[in-house]
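Undergrad: Top line first, the protein sequences correspond to chains A and B. No gaps in the numbering here: position 112 of the first sequence is 112 in this note's numbering, and each next residue is one more. No gaps in the numbering here: position 5 of the second sequence is 5 in this note's numbering, and each next residue is one more.
Everything labelled a hint here was simulated from the structure, so no lab data went into it. It should be emphasised that the depicted structure is a prediction, and the values quoted were computed from it without experimental measurement. Beta carbons: idealized from backbone N, C-alpha and C, even for Gly. Among these hints, one or two may not hold up.
Said to hold, decoys possible - Covered by chain A, per the in silico footprint, the following chain B stretches (three or more residues, Cβ under 8 Å):
1. 15-23
2. 36-50
3. 105-112
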Amino acid sequence: MAVNRLSGSDLHGASEWGSESLACGRDAATAWDRAEVGVTPDEHERGCPHCAAAFADARRLDSVVHRMSNADVEPPPSVMDRVMAAVRTDLRPHDLLALDSPHGPARLSRPAAAAVLRNVVDRMGGVRARSCRIEQLDGRDDADVTITVTARFGVDLASVTARVRQMVLAAGEQALGVPVRRVDIEVVDVFDSSVDGAVDGAGGGKDGRR
Amino acid sequence: MTHGTPPVRLHVGDAAVARIAAQRARRVPGVVALRADLAQALLGIADAVLGQERTPRTDGVKAAVNGDSAEVTVTVVTRLGHNCRDVARAVQREVADEIARHTGLQVQVSVTVADILLD
């Protein structure tokens, strides 16, 4: 698989929006790239929670994307499952994203793609995805992603958004095959760390104001 | 047995093409299943209820033969960990090659990735 080193487009993205810095001042994309290539963390990165989190994100996505799933067979579906699957499959044209292919029309379910992006963001520490919208302009195969997240109470929001952005860019390319042109992230709530991991989407945010 | 070789015209039916496509698509790495559309699912259920499995089904595949070319639509389900674009391209390539090999038809294959299993 063409590993997403994409230095070209990453650099492009960074210059377009100004660099996306972690709270420690390091660039999120740089940290990600270093982790992806497998560089041993330098002294700063070993001690810095923000860089460590960025490293962990990159590794986590890597373990998901490159875990070649054993060829499991789908269990025989019940009648209800079959009907519901078929209903969901009755995708209208606007439910589909275009995939770039030299062999003819290739499309991807938009709800399924959004579910993947929410899923990879959910696996990150300190963030939960709420909603995810993927928009493609007519005739283009790259996409703009708008994602709303809740963050754990007390995490640095600038770092979190930089990490989420990086995760979405990488997952779009590696898991979906849809290049992501733009990521808009809205932190809509914070949740209490005591329920982190226990209850999903427990938006029990105190009136935390940072 | 009389004069020379009589002209033979071969026409390959839609169902034959669909069957080849379904069989090949299912074996592409990353394809977990083919996904029936609503009409196919309801027909399948009707068959099951009435106790008559008429022919092995080609859920998730539609084919239309037109002269010496064909259009095939395949709807697949994949799993997180496989790149959707690469899976779609592989299905298009493999299915078109397989049909061409068996029937000589020129095929345009459209692929839809309808779902991604997350596990």
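Undergrad: What are the numbers of the hints that this structure violates, sorted from low to high?
TA: Hint 1 is the one this structure does not satisfy, whereas the remaining hints hold.
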